[in-house]
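**Student:** With the hints as constraints, model all of the structure from the sequences given.
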Amino acid sequence: MGTINLIWRNSVRNKIRFALTLLSVAIAFFLYTAYSGINTALTASVTEANQLRLNSSHKVSLTRGLPVSYKQKMRSIEGVTSVSYASWFGGYVKDETQQISVFAVDHESYFQMHPEYALDAEQLTRWQKQQTGILVGQKLADNFGWKVGDKVPISTSIWMNRDGHFTWFFTVSAIFQGNSPSVNDNQAFFHHQYFDEARAFGRYEANWFIPQIDKTANAAKVSLDIDAFFENAVEPTRTSTEQVFKKEQTQQFADMAMILRLAVIAVFFTLLLIVCNTMMQVIRERRRETAIMKTSGFSSSYLIILLFLESLLLFGSGAFLGGLVGFIALDQLQYLFSDFLPGISLSPNLFIEMALMIALGAIISSVFPAITLAASSITSDLGTQS
Amino acid sequence: MQKNHYIQLDGVNKSFSKGRESVDILKSFNLSINQGEFVAIMGPSGLGKSTLLHLIGGLDEPCDGTIKIGDVTLSGLSESERTKWRAHHVGFVFQAHHLIPVLTAQKNVELPLILTKLSAKDRQKHGLAALELVDMKERCKHYPSELSGGQEQRVAIARAIVSDPNLLLCDEPTGNLDRKTADDILRLLAELNQQFNKTVIMVTHDPKAAEYATRVIQLEQYLSQNSDNRMADSGYN
Ligand SMILES: Nc1ncnc2c1ncn2[C@@H]1O[C@H](COP(=O)(O)OP(=O)(O)OP(=O)(O)O)[C@@H](O)[C@H]1O
Ligand SMILES: [Mg+2]
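For the record, the sequence lines run as chains S and G.
Going letter by letter, the first sequence gives residues 1264 to 1649 in this note's numbering.
Going letter by letter, the second sequence gives residues 3 to 239 in this note's numbering.
Be a bit skeptical, because a hint or two may be false.
Unchecked claim - In the SDA-like style, the derived pairs of lysine to any residue whose C-alpha atoms are separated by at most 25 Å in a straight line are:
1. G:K86 x S:S1564
2. G:K143 x S:W1271
3. G:K127 x S:W1271
4. G:K182 x G:Q196
5. S:K1278 x G:P103
Keep in mind that the hints were calculated from the coordinates and are not lab data.
**Tutor:** Right, here's the structure in full:
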């Protein structure tokens, strides 16, 4: 207890310096937490994309549609086992600022190809049979208080229906959760067929196709074959593997993560210098006290351990603060980015990593002060005047 | 037959090397002090009074010769053994009190007891007892900055005696104090010497302070006599 009291008293001896150093530790660990959460999402969205799913869209632009009849045509290409398609509906409820992600998808094939949504057979059949049915993610349903069987209005600024309205009505068929954190449950899916029959223009066109290929097929070769097949069609295609597609989508985030990673490394390097310097200053300031403690029988190793614990306290509390703020920030990011980058979450490894970084930081920043402390001579440090 | 002294320095050599030059401070130095003596060491600045005190207290090592305190030969101990020995056998008081500013008087006094197996409660008891001895018990919750110079020195003395060492080494303990405060401190040291049979060795420049001692060593004369003796010794052989 006496020792702990001494460590604590010593730590907060210079309050401003302690606060500033603590702040730099906290900032570093905040950045690390944020980086780690975003990185988890990036790697998850790339690795979880089905290796067998390709993505074909209009060669010119993602916003231009491809005829739904391409489904049969693509199916005939060697290596392709099944084909689905989907379109972007946009969508908001009541207020245009409350944007939600709603997609029209081929009800026959889409979820066979996307097992990650983890729909059970009963849910799927109910939805498939319900022409105006919509599958709603848990988070979205929670947000608007939607339940199975509810008739829900969703508006779009893009698609006018044949009645001349921009508000469409759907019936909630089922609510899904998905089987991994990278599944976005802030989305909804309805029948592309209903979409085509009810909209005023752009009918029987889909924004993108999802050809699924055989396990033995070569994704790159099949992609080229598909694009070659439609090369001279009115609507040519551009096909990539879903991984590539997603990667392109998330490239900006990847760049961000890279910058963040470099920043985190730089910040930690600087942090070590800062803390090391602080500890050196501490040792110099307490030279006489250290000498008197040695005089009273405290060994150098005991004093070095005190110093190390002081550094550990600094890193530990800084990491706790920074980690906490990072955790709160990630929670917000998770919500804000749920459409673009689902799966922002903390990996359980983060705590182990942080613990290691805390220990390592405390050790490294104590090395030079420890050497100074061990080498200092009692008799010359005592001096006579303080 | 030679009497067994409590402190025994035999043929101690001590020199400091400054760059290429080496300065001899003590040469073939002998000294014996009995248990319960209050010895004042006086002499001009730079002569080696502090150095001598550091050697006796195991803060520094002689280049040559032996230093025996009680049954322990200091020169035979490693640095960490000397550190442990100091914790139990010596208390130091310096001209500057060297109290830790962030700890109260009481915590400062208890500090050396962290090294013992005493419980927190026992440490507190011992600490307060030491503070009571130096008449500072009422100020136990005060921080060093809230104490006067004399009071700080009393707390430093309490810290030096808290683990009940036999030997008290004081390097100009009253050097920073006015006459009256200095006398208070010296009376305290004399009391510790007489009532608790502590052996006290005090370096001082103040002849008044030396009056409290049972023996005064004028180091300058002592050094010359000492080497004369040596020469005489070798002459007879
Ligand atoms: N660590 C050291 N390295 C080199 N020289 C030293 C060292 N310590 C002391 N000296 C030298 O040894 C000599 C004796 O020093 P010491 O401190 O023992 O003197 P002193 O008698 O206590 O003087 P004062 O009365 O001024 O305190 C001085 O010349 C000093 O410069
Ligand atoms: Mg001196």
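**Student:** Against this structure, judge whether each hint is valid.
**Tutor:** The hints, checked one at a time:
no., hint, in the structure
1, G:K86 x S:S1564, "12 Å, holds"
2, G:K143 x S:W1271, "18 Å, holds"
3, G:K127 x S:W1271, "23 Å, holds"
4, G:K182 x G:Q196, "21 Å, holds"
5, S:K1278 x G:P103, "14 Å, holds"
When each numbered hint is compared with the structure, no violation occurs for any of them.
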